[in-house]
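S.K.: Residue numbers (our numbering), protein chains in the order written: chain A, 1 to 117; chain B, 1 to 112.
Mixed in with the good hints, there may be bad ones.
Some chain A residues well away from chain B (every beta-carbon gap over 10 Å; in silico) [unchecked claim]:
#1 6
#2 12
#3 18
#4 20
#5 27
#6 55
#7 61
#8 67
#9 75
#10 78
#11 85
#12 87
#13 88
#14 105
#15 106
#16 108
Partial list, derived from the structure: chain B residues whose beta carbon lies under 7 Å from chain A [stated by the list, open to error]:
#17 44
#18 46
#19 91
#20 98
Here chain B is said to cover these stretches of chain A; the calculated rule only asks that three of the stretch's residues, wherever they fall, bring their Cβ under 8 Å from a Cβ of chain B [said to hold, decoys possible]:
#21 41-50
#22 109-116
If you're looking for bench data, these hints aren't it; they were derived computationally from the structure.
It should be emphasised that the depicted structure is a prediction, and the values quoted were computed from it without experimental measurement.
Backbone N, C-alpha and C define an ideal beta-carbon position, used for all residues, glycine too.
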Amino acid sequence: GAVVSQHPSWVICKSGTSVKIECRSLDFQATTMFWYRQFPKQSLMLMATSNEGSKATYEQGVEKDKFLINHASLTLSTLTVTSAHPEDSSFYICSARERDNWSYEQYFGPGTRLTVT
Amino acid sequence: DAKTTQPTSMDCAEGRAANLPCNHSTISGNEYVYWYRQIHSQGPQYIIHGLKNNETNEMASLIITEDRKSSTLILPHATLRDTAVYYCIVIAGGTSYGKLTFGQGTILTVHP
Numbered sequence: 001g002a003v004v005s006q007h008p009s010w011v012i013c014k015s016g017t018s019v020k021i022e023c024r025s026l027d028f029q030a031t032t033m034f035w036y037r038q039f040p041k042q043s044l045m046l047m048a049t050s051n052e053g054s055k056a057t058y059e060q061g062v063e064k065d066k067f068l069i070n071h072a073s074l075t076l077s078t079l080t081v082t083s084a085h086p087e088d089s090s091f092y093i094c095s096a097r098e099r100d101n102w103s104y105e106q107y108f109g110p111g112t113r114l115t116v117t
Numbered sequence: 001d002a003k004t005t006q007p008t009s010m011d012c013a014e015g016r017a018a019n020l021p022c023n024h025s026t027i028s029g030n031e032y033v034y035w036y037r038q039i040h041s042q043g044p045q046y047i048i049h050g051l052k053n054n055e056t057n058e059m060a061s062l063i064i065t066e067d068r069k070s071s072t073l074i075l076p077h078a079t080l081r082d083t084a085v086y087y088c089i090v091i092a093g094g095t096s097y098g099k100l101t102f103g104q105g106t107i108l109t110v111h112p
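Work out the full structure: start from the sequences and follow the hints.
M.R.: If you want it as structure tokens, here you go:
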């Protein structure tokens, strides 16, 4: 149980285009989902926290107009990288907390590798 | 949330116990210790967590010192598949969303 999927697993796009990444909780309802970014040989950095039906909360330094997050249902959150540039190339990982689970255990997706050319 | 300090890297022989330390000397009474690991190019995986008592599950054991200023994650019989970056994270209870702040972690390499 507690599986989180991401789609696509990797994507290559041209500079200036937008890319949407989906994060789904397959067998549980997730009231809170998180989006992280990880550059090579670095740790995960939290980008934003999203709660179903409300606006995402972005970490300091993360441009909310560039990284659009939508958490429309209890099982789906999407991250859209708008007007992507080569510096946005990174490993994007989502995670989810299970509804009504008091612990802070998060279930992570397998990640999406974005390359902007 | 309290800051944690972990060794940059550790080695372990396959079949032996891997003991990964974590220092969290500024931890406060309502803060939990969580351990995650990340195998190369994958999303992190939850391992175990605790408040003040030692904990054990099918993956590992967590030993927390009596003063709670440090803890040790123990993988009792390490295998090659346990090679990963291990993250020790302290998080306050009652945090509404439970944000995790990842440090640099410990790179554990298990050798044949």
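S.K.: Now tell me, hint by hint, if it's right for this structure.
M.R.: Okay, the hints, checked on the actual structure:
Not every CB of chain B is more than 10 Å from the CB of residue 6/A (nearest about 8 Å), against its label as outside the interface. Here residue 12/A stays apart from chain B, with its beta-carbon at least about 16 Å from theirs, past the 10 Å limit. For residue 18/A, the condition that its CB be more than 10 Å from all CB atoms of chain B holds, with the nearest at approximately 23 Å. The Cβ of residue 20/A lies farther than 10 Å from every Cβ of chain B, with a closest approach of about 18 Å, so its non-interface assignment holds.
For residue 27/A, the condition that its CB be more than 10 Å from all CB atoms of chain B holds, with the nearest at approximately 15 Å. Distance to chain B confirms residue 55/A as a non-interface residue, since its nearest Cβ pair spans about 13 Å, more than 10 Å. No beta-carbon of chain B is positioned within 10 Å of the beta-carbon of residue 61/A; the least distance is around 14 Å. The Cβ of residue 67/A lies farther than 10 Å from every Cβ of chain B, with a closest approach of about 16 Å, so its non-interface assignment holds.
The Cβ of residue 75/A lies farther than 10 Å from every Cβ of chain B, with a closest approach of about 17 Å, so its non-interface assignment holds. Listed as outside the interface, residue 78/A is consistent with that label: its C-beta sits roughly 17 Å from the nearest C-beta of chain B, beyond the 10 Å cut-off. At roughly 23 Å, the least C-beta separation between residue 85/A and chain B is larger than 10 Å, which holds for a residue marked as non-interface. Its beta-carbon lying about 20 Å from the closest one in chain B, residue 87/A satisfies the requirement of being farther than 10 Å from that chain.
The Cβ of residue 88/A lies farther than 10 Å from every Cβ of chain B, with a closest approach of about 18 Å, so its non-interface assignment holds. Separation of residue 105/A from chain B is inadequate, the least Cβ-Cβ distance of about 5 Å not exceeding the 10 Å criterion. Under the 10 Å C-beta cut-off, the non-interface status given to residue 106/A relative to chain B is violated; the minimum distance is some 6 Å. The non-interface label for residue 108/A is inconsistent with chain B: the shortest C-beta to C-beta separation is roughly 3 Å, within 10 Å.
Annotation: residue 44/B was flagged as interfacial toward chain A, and the flag holds, the nearest CB pair being 5 Å apart, inside 7 Å. Given hint, residue 46/B at the interface with chain A, holds; its Cβ is 5 Å from that chain's nearest Cβ, closer than 7 Å. Given the 7 Å rule on beta carbons, the hint for residue 91/B holds: about 5 Å separates it from the nearest Cβ of chain A. Given the 7 Å rule on beta carbons, the hint for residue 98/B holds: about 4 Å separates it from the nearest Cβ of chain A.
Check result for the segment 41-50 of chain A against chain B: holds, 5 residues qualifying (beta carbon to beta carbon below 8 Å, three or more required). A count of 4 residues in the segment 109-116 of chain A with a Cβ less than 8 Å from any Cβ of chain B is obtained; the coverage claim is therefore met, three being the minimum.
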